[in-house]
Amino acid sequence: MSTQDQVREDVTIRFAGDSGDGMQLTGSLFTNTTALLGNDLRTLPEFPAEIRAPQGTVPGVSSFQLQFGSRQILTPGDECDALVVMNSAALKANLSLLKKGGTIIANTAGFDKKNLNLAKYPEGVNPLEDGSLDKYEVIEIDVTKLVKEALADMNLPYKDQERSKNMFVLGMLYWMYNRPMDSTIDFLNQKFGKKPEIAEANIKVLKAGYYYGETAEIFNSRVTVKQADLEPGTYRNITGNEALVLGLVAAARKSNLPLFLGTYPITPASDVLHGLAKHKKFGITTFQAEDEIAACASAIGASFGGSIGVTSSSGPGIALKGEAIGLAVMLELPLVVLNIQRAGPSTGMPTKTEQADLMQAVYGRNGESPLLVVAPKSPADCFEMAFEAVRISLEHMTPVIFLSDGYIANGSEPWKFPNSEDLKDIKVEFEGPRHSEEDGAFMPYKRDARLVRKWAIPGTQGIEHRVGGLEKEDVTGNVSYDPDNHQKMTDIRRDKRDLVAQNIPEQDIDQGNESGDILVLGWGGTYGAIRTVVHQLRKEGMDISHAHLRYINPFPKNMESLLKSFKKIIVPEINDGQLVRLIRSEFLIPAVPINKVKGRPFGVSELKQEILQLVEKQPA
Amino acid sequence: MAVETLIDKFVQLHEADLTNLPAYSSKDFASDQDVRWCPGCGDYTILKQVQNAMPELGIAKKDIVFISGIGCSSRFPYYMDTFGMHSIHGRAPAIATGLKTSRPDLTVWIITGDGDSLSIGANHFTQLLRRNVNVNLLLFNNEIYGLTKGQYSPASPKGLVTKSTPYGSIDNPFNPLALSLGADGSFVARAMDRDPKHLKEMILRSHKHKGTSMLEIYQNCIVFNDGAFELFTDKKTRPQEAIYLEHGQPMVFGKENDKGVRLNGLVPEVVELGDSFSKDDIWVHDEQDATKAHLLSRFFEHPPNGEGVQFPRPFGVLYAVDRPCYDEGVVEQVQHAKDTQGEADLDALLRGGETWQVK
Numbered sequence: 001m002s003t004q005d006q007v008r009e010d011v012t013i014r015f016a017g018d019s020g021d022g023m024q025l026t027g028s029l030f031t032n033t034t035a036l037l038g039n040d041l042r043t044l045p046e047f048p049a050e051i052r053a054p055q056g057t058v059p060g061v062s063s064f065q066l067q068f069g070s071r072q073i074l075t076p077g078d079e080c081d082a083l084v085v086m087n088s089a090a091l092k093a094n095l096s097l098l099k100k101g102g103t104i105i106a107n108t109a110g111f112d113k114k115n116l117n118l119a120k121y122p123e124g125v126n127p128l129e130d131g132s133l134d135k136y137e138v139i140e141i142d143v144t145k146l147v148k149e150a151l152a153d154m155n156l157p158y159k160d161q162e163r164s165k166n167m168f169v170l171g172m173l174y175w176m177y178n179r180p181m182d183s184t185i186d187f188l189n190q191k192f193g194k195k196p197e198i199a200e201a202n203i204k205v206l207k208a209g210y211y212y213g214e215t216a217e218i219f220n221s222r223v224t225v226k227q228a229d230l231e232p233g234t235y236r237n238i239t240g241n242e243a244l245v246l247g248l249v250a251a252a253r254k255s256n257l258p259l260f261l262g263t264y265p266i267t268p269a270s271d272v273l274h275g276l277a278k279h280k281k282f283g284i285t286t287f288q289a290e291d292e293i294a295a296c297a298s299a300i301g302a303s304f305g306g307s308i309g310v311t312s313s314s315g316p317g318i319a320l321k322g323e324a325i326g327l328a329v330m331l332e333l334p335l336v337v338l339n340i341q342r343a344g345p346s347t348g349m350p351t352k353t354e355q356a357d358l359m360q361a362v363y364g365r366n367g368e369s370p371l372l373v374v375a376p377k378s379p380a381d382c383f384e385m386a387f388e389a390v391r392i393s394l395e396h397m398t399p400v401i402f403l404s405d406g407y408i409a410n411g412s413e414p415w416k417f418p419n420s421e422d423l424k425d426i427k428v429e430f431e432g433p434r435h436s437e438e439d440g441a442f443m444p445y446k447r448d449a450r451l452v453r454k455w456a457i458p459g460t461q462g463i464e465h466r467v468g469g470l471e472k473e474d475v476t477g478n479v480s481y482d483p484d485n486h487q488k489m490t491d492i493r494r495d496k497r498d499l500v501a502q503n504i505p506e507q508d509i510d511q512g513n514e515s516g517d518i519l520v521l522g523w524g525g526t527y528g529a530i531r532t533v534v535h536q537l538r539k540e541g542m543d544i545s546h547a548h549l550r551y552i553n554p555f556p557k558n559m560e561s562l563l564k565s566f567k568k569i570i571v572p573e574i575n576d577g578q579l580v581r582l583i584r585s586e587f588l589i590p591a592v593p594i595n596k597v598k599g600r601p602f603g604v605s606e607l608k609q610e611i612l613q614l615v616e617k618q619p620a
Numbered sequence: 621m622a623v624e625t626l627i628d629k630f631v632q633l634h635e636a637d638l639t640n641l642p643a644y645s646s647k648d649f650a651s652d653q654d655v656r657w658c659p660g661c662g663d664y665t666i667l668k669q670v671q672n673a674m675p676e677l678g679i680a681k682k683d684i685v686f687i688s689g690i691g692c693s694s695r696f697p698y699y700m701d702t703f704g705m706h707s708i709h710g711r712a713p714a715i716a717t718g719l720k721t722s723r724p725d726l727t728v729w730i731i732t733g734d735g736d737s738l739s740i741g742a743n744h745f746t747q748l749l750r751r752n753v754n755v756n757l758l759l760f761n762n763e764i765y766g767l768t769k770g771q772y773s774p775a776s777p778k779g780l781v782t783k784s785t786p787y788g789s790i791d792n793p794f795n796p797l798a799l800s801l802g803a804d805g806s807f808v809a810r811a812m813d814r815d816p817k818h819l820k821e822m823i824l825r826s827h828k829h830k831g832t833s834m835l836e837i838y839q840n841c842i843v844f845n846d847g848a849f850e851l852f853t854d855k856k857t858r859p860q861e862a863i864y865l866e867h868g869q870p871m872v873f874g875k876e877n878d879k880g881v882r883l884n885g886l887v888p889e890v891v892e893l894g895d896s897f898s899k900d901d902i903w904v905h906d907e908q909d910a911t912k913a914h915l916l917s918r919f920f921e922h923p924p925n926g927e928g929v930q931f932p933r934p935f936g937v938l939y940a941v942d943r944p945c946y947d948e949g950v951v952e953q954v955q956h957a958k959d960t961q962g963e964a965d966l967d968a969l970l971r972g973g974e975t976w977q978v979k
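Protein sequences, first through last, are from chains A and B. Note that our numbering numbers the first sequence so that position 293 is 293, with each residue one more than the last. Numbers given in our numbering equal positions in the second sequence, counted from 1, plus 620.
If you are wondering where the hints come from, they were derived from the structure by calculation, not from laboratory data. Treat the hints loosely; a few may be bogus.
[Claimed, not checked] Here are the computed lysine to aspartate or glutamate pairs in the EDC-like style, where the Cα-Cα straight-line distance is at most 20 Å:
{"#": "1", "chain 1": "B", "residue 1": "K647", "chain 2": "A", "residue 2": "E437"}
{"#": "2", "chain 1": "A", "residue 1": "K564", "chain 2": "A", "residue 2": "D510"}
{"#": "3", "chain 1": "A", "residue 1": "K416", "chain 2": "B", "residue 2": "D959"}
{"#": "4", "chain 1": "A", "residue 1": "K114", "chain 2": "A", "residue 2": "E79"}
{"#": "5", "chain 1": "A", "residue 1": "K254", "chain 2": "B", "residue 2": "E952"}
{"#": "6", "chain 1": "B", "residue 1": "K979", "chain 2": "B", "residue 2": "D959"}
{"#": "7", "chain 1": "B", "residue 1": "K681", "chain 2": "A", "residue 2": "E431"}
{"#": "8", "chain 1": "A", "residue 1": "K280", "chain 2": "B", "residue 2": "D959"}
{"#": "9", "chain 1": "A", "residue 1": "K280", "chain 2": "B", "residue 2": "E952"}
{"#": "10", "chain 1": "A", "residue 1": "K254", "chain 2": "B", "residue 2": "D628"}
{"#": "11", "chain 1": "A", "residue 1": "K567", "chain 2": "A", "residue 2": "E606"}
{"#": "12", "chain 1": "A", "residue 1": "K278", "chain 2": "B", "residue 2": "E624"}
{"#": "13", "chain 1": "A", "residue 1": "K416", "chain 2": "B", "residue 2": "D967"}
{"#": "14", "chain 1": "A", "residue 1": "K278", "chain 2": "B", "residue 2": "E892"}
{"#": "15", "chain 1": "A", "residue 1": "K617", "chain 2": "A", "residue 2": "D543"}
{"#": "16", "chain 1": "A", "residue 1": "K278", "chain 2": "B", "residue 2": "D967"}
{"#": "17", "chain 1": "B", "residue 1": "K979", "chain 2": "A", "residue 2": "E231"}
{"#": "18", "chain 1": "A", "residue 1": "K427", "chain 2": "B", "residue 2": "D725"}
{"#": "19", "chain 1": "B", "residue 1": "K830", "chain 2": "B", "residue 2": "D701"}
{"#": "20", "chain 1": "A", "residue 1": "K280", "chain 2": "B", "residue 2": "E889"}
{"#": "21", "chain 1": "A", "residue 1": "K446", "chain 2": "B", "residue 2": "D652"}
{"#": "22", "chain 1": "A", "residue 1": "K564", "chain 2": "A", "residue 2": "D543"}
{"#": "23", "chain 1": "A", "residue 1": "K280", "chain 2": "B", "residue 2": "E624"}
{"#": "24", "chain 1": "B", "residue 1": "K681", "chain 2": "A", "residue 2": "D543"}
{"#": "25", "chain 1": "A", "residue 1": "K254", "chain 2": "B", "residue 2": "D965"}
{"#": "26", "chain 1": "A", "residue 1": "K191", "chain 2": "B", "residue 2": "E974"}
{"#": "27", "chain 1": "A", "residue 1": "K100", "chain 2": "A", "residue 2": "D160"}
{"#": "28", "chain 1": "A", "residue 1": "K254", "chain 2": "B", "residue 2": "E963"}
{"#": "29", "chain 1": "A", "residue 1": "K280", "chain 2": "B", "residue 2": "D965"}
{"#": "30", "chain 1": "A", "residue 1": "K280", "chain 2": "B", "residue 2": "D701"}
{"#": "31", "chain 1": "A", "residue 1": "K416", "chain 2": "B", "residue 2": "E974"}
{"#": "32", "chain 1": "A", "residue 1": "K446", "chain 2": "B", "residue 2": "D701"}
{"#": "33", "chain 1": "A", "residue 1": "K194", "chain 2": "A", "residue 2": "D160"}
{"#": "34", "chain 1": "A", "residue 1": "K278", "chain 2": "B", "residue 2": "D652"}
{"#": "35", "chain 1": "A", "residue 1": "K278", "chain 2": "B", "residue 2": "D965"}
Same shape as in the complex, but just chain A (with noise of 0.2 Å):
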């Protein structure tokens, strides 16, 4: 049997295993490899919420998906095409992801009776024998066995040797798919840098299994993927919480000013945390609380004292902040609270994403009480709308809530990222000092045509004053119970945060006309799949525009005008209608609802199929 080489615009693969197998590290180093090598990708890790759930069982599943292309790729792939199964839990969890025809690589070591018996196989039956593969292309391969020879000459314990194995994997699909393999070399070599002897054992492993794919004659083809057309420059590949740490420091930067985190850790938003703890050197400083309510308390003290206020969590944690983000809202000072949605209600599924908490994020307090909401609609985006949330916290003395979710965080793709100096500086005015009574009487609650007043931080001479969470009489900022200027106080409130729509960007069409029959209207990590989407039904004749918010709350001053260009809106979303309701209460408009509450992102083909029933159901 020869080897094909064969070139293909795009692959899809999926590693899966036990959560022990490592599979997370096969596909990030895949990933790296793939990224340096130019192609377009996105990947979509997937793994359980126990650091360790029953081995060898289909809930200990832990998997990661990765499209890559030499054209624009925006989402993991609907189906792969490639699908490592370390184990038969692993192929029970993720046969029905695969493509017909698509091609098996299966650890046998991992299907012996006692494996069968944890994926709950019936008795006596194992799917590599029993011909319900047929239409696949299975290769077995004993990956135990042939990593132990592979490591014969070497005296390690059976532990370490046997920890190597998805090594062996990845050497295998490198050559498989005309990889190199000197990036995880380096990282290996890395890594074990106080271990050399599991750093030689993981390098040889790796290699093994490249040159298995060479000579054993298993593959019929080897498939090449050329390097993507992308917009000149340099990339480095990025997940959504490294480019929103990046974003924040880049932000402390150009504002001069120190940056605070308080926060609690929680699933997955505690990366930001492990992040930015790294960047003291930037002037960061990073506060593990005792709870949710003092990390976002703890973030309001030092942005009173004139730092950059920020705190992360997701859903569950953001529920117990809402009285300290109110508590924001009235004293008027800037706080980043970033929100790294997750499926819920309640605990939920930590694991999994969901865009469900949009509402808490523009409702979700008591009273009335408005503040800023902001999406990234990629990885990628983290960086830049984490930068654009402290700027308009700054710039208009709010809290911002930054709406990201786990697809996103976890998620990565090829990002251009810019050099400092095209970053805009963030201008931050604080409150002068007075000197003398001719200065005149500081009023803390002053504002500019904005609406906004001046931060006034302590160690500023002449201007000692008191703020809280009692409502503020306008100007002076003393307690008042006065019927009247609590409404007034209310409106302020309100317009102060509708005058932000004047410091965003308007609105922009993604794709298509700018107005017609179609809009479909997403936020957040829908983009890829409704921007391949709307390509496809465009390429197909149909009149179809994509429009992406990221900016929620308030939302851009040319919004209406835009939604009423177009005879029907179609709004997608990973929840049960957020922001079709916002956008149908606003604006007076039939929005129609997609919705999946699945706790995964939208594949490309259901999307596909839900818009078009939809376009047939009721015709534009």
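Got chain A; can you put chain B on it based on the hints?
Below, chain B alone, put in the same frame as chain A:
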């Protein structure tokens, strides 16, 4: 280049200011707001003594911040002509932690009550003490909820009849000093509203201590719990019922200084001075002895479970030791990173590890 932020400038400015302070009087610390507590409320004396103590701190007004939670006592910041924040229920310690950590140049005071700190804010209260953030906390204890009009508090004695406990409270009360010592507080002291001179002294001691200073102040709520501390505050009963602690001095009390507390091993005893015991037999107070501070903090129930020895209630500094402060540690780490990790190069950070070119 190291990152120099606006806050760094404030820290430098603060140091320059210390040599050039105006001569303040206590009036300089009174704000233009009408003080609105019930007539006869113990809070007035505390406010007065804080205002009296402020000129003696040697700190510019602009560098002082009062942060409070919710409750009668928490209105306090409005009445001080310094920076201040009246925040949300129980969270003042967390807000103060964020402020002090990011602005070590400021002198931060927390004003709180027994409801605020020992129930809704008990977590933040204990974590503050554990971390030893360099702030001063004044815990106004009146053993009742005043602002919500008279429910029992976590400091109320068992059996107290209130609106929410018409048949008597069955909650075991917190002992604020024992709780503070249990949370590894580095400065734990007690004062009372009705002894203003001693109170002011304790406020100044709190300020002097580096680390979290926890000063419990017995404060009379004239409306909902009048006389709760009368045994200690009434000049007639005080000599019998209260003992003023002084570092290095024997623990003597009584009208004629005729009584003392003796340690029999680790068991405290109240003894009459005279034939059997002299001053030399009496326990000499040592602020730095944690074990003995714990014993003192347990002179709490009066008398314990209604039977056994009746101990005098200690006032003054039970415990004061030097221990690293959280905010100092944070500043040191940031400084160390700036000193050792080379230039804070944003472009290098944005670039990251591995990049590729698209032409």
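The hints, checked one at a time:
Distance check on the hinted pair: K647 (chain B) and E437 (chain A) sit about 17 Å apart at the alpha-carbon level, within 20 Å; holds. Taken as a hint, the K564 (chain A) and D510 (chain A) pair is honoured in the structure, with Cα atoms around 17 Å apart against an allowance of 20 Å. Of the pairs offered as hints, the one joining K416 (chain A) and D959 (chain B) is violated, with about 31 Å between alpha carbons and a cut-off of 20 Å exceeded. With a C-alpha separation of about 29 Å, the suggested pair K114 (chain A) and E79 (chain A) falls outside the 20 Å cut-off, and the hint is violated.
Note on K254 (chain A) and E952 (chain B): the hinted pairing is violated, with a Cα-Cα distance of about 24 Å set against a maximum of 20 Å. Straight-line distance between C-alpha atoms of K979 (chain B) and D959 (chain B) comes to about 38 Å, which puts the hinted pair past the 20 Å bound. Straight-line distance between C-alpha atoms of K681 (chain B) and E431 (chain A) comes to about 17 Å, which keeps the hinted pair within the 20 Å bound. The suggested pairing of K280 (chain A) with D959 (chain B) holds, with an alpha-carbon distance near 11 Å, which does not exceed 20 Å.
Restraint check: the Cα-Cα separation between K280 (chain A) and E952 (chain B) comes to about 10 Å, which is no more than 20 Å; the hinted pair holds. For the given pair, K254 (chain A) sits about 16 Å from D628 (chain B) by alpha-carbon distance, which is consistent with the 20 Å threshold. Distance hint between K567 (chain A) and E606 (chain A) is unfulfilled; the C-alpha atoms sit about 23 Å from each other, more than 20 Å. Pair hint K278 (chain A) plus E624 (chain B) holds up; C-alpha atoms about 18 Å apart against a cutoff of 20 Å.
Restraint check: the Cα-Cα separation between K416 (chain A) and D967 (chain B) comes to about 13 Å, which is no more than 20 Å; the hinted pair holds. In summary, the hint linking K278 (chain A) to E892 (chain B) is not supported, as the alpha carbons are separated by about 62 Å, beyond the 20 Å threshold. Proximity of K617 (chain A) to D543 (chain A) is assessed by CA-CA distance (about 16 Å); at most 20 Å being required, the pair is judged to hold. For the given pair, K278 (chain A) sits about 16 Å from D967 (chain B) by alpha-carbon distance, which is consistent with the 20 Å threshold.
The suggested pairing of K979 (chain B) with E231 (chain A) holds, with an alpha-carbon distance near 8 Å, which does not exceed 20 Å. A distance of roughly 24 Å separates the Cα atoms of K427 (chain A) and D725 (chain B); the hinted pair therefore is violated under the 20 Å criterion. Proximity of K830 (chain B) to D701 (chain B) is assessed by CA-CA distance (about 24 Å); at most 20 Å being required, the pair is judged violated. Simply put, K280 (chain A) and E889 (chain B) have alpha-carbon atoms about 53 Å apart, too far for the 20 Å limit, and the pair is violated.
For the given pair, K446 (chain A) sits about 18 Å from D652 (chain B) by alpha-carbon distance, which is consistent with the 20 Å threshold. At most 20 Å may separate the alpha-carbon atoms for a hinted pair to count; K564 (chain A) and D543 (chain A) meet this at roughly 15 Å. Of the supplied pair hints, the one linking K280 (chain A) and E624 (chain B) holds, its CA atoms being roughly 13 Å apart against a limit of 20 Å. The suggested pairing of K681 (chain B) with D543 (chain A) is violated, with an alpha-carbon distance near 67 Å, which exceeds 20 Å.
Note on K254 (chain A) and D965 (chain B): the hinted pairing holds, with a Cα-Cα distance of about 12 Å set against a maximum of 20 Å. Distance check on the hinted pair: K191 (chain A) and E974 (chain B) sit about 15 Å apart at the alpha-carbon level, within 20 Å; holds. Between K100 (chain A) and D160 (chain A), the direct Cα distance comes to roughly 36 Å. Violation of the 20 Å bound is thereby established for this hinted pair. For the proposed pair K254 (chain A) and E963 (chain B), the alpha carbon gap of about 16 Å is at most 20 Å, so the pair holds.
Only pairs whose Cα atoms come within 20 Å are accepted, and K280 (chain A) paired with D965 (chain B) is accepted, the gap being roughly 12 Å. At most 20 Å may separate the alpha-carbon atoms for a hinted pair to count; K280 (chain A) and D701 (chain B) exceed this at roughly 35 Å. Between K416 (chain A) and E974 (chain B), the direct Cα distance comes to roughly 12 Å. Compliance with the 20 Å bound is thereby established for this hinted pair. With a CA separation close to 19 Å, the supplied pair K446 (chain A) and D701 (chain B) stays within the 20 Å bound.
Under the criterion of a C-alpha separation no larger than 20 Å, the hint pairing K194 (chain A) with D160 (chain A) is consistent with the structure, at around 15 Å. Note on K278 (chain A) and D652 (chain B): the hinted pairing is violated, with a Cα-Cα distance of about 45 Å set against a maximum of 20 Å. Distance restraint check for K278 (chain A) and D965 (chain B): the Cα-Cα separation of roughly 14 Å lies within the 20 Å cut-off, and the hinted pair is therefore satisfied.
Hints 3, 4, 5, 6, 11, 14, 18, 19, 20, 24, 27, 30, 34 from the earlier list are contradicted by this structure; the remaining hints agree with it.
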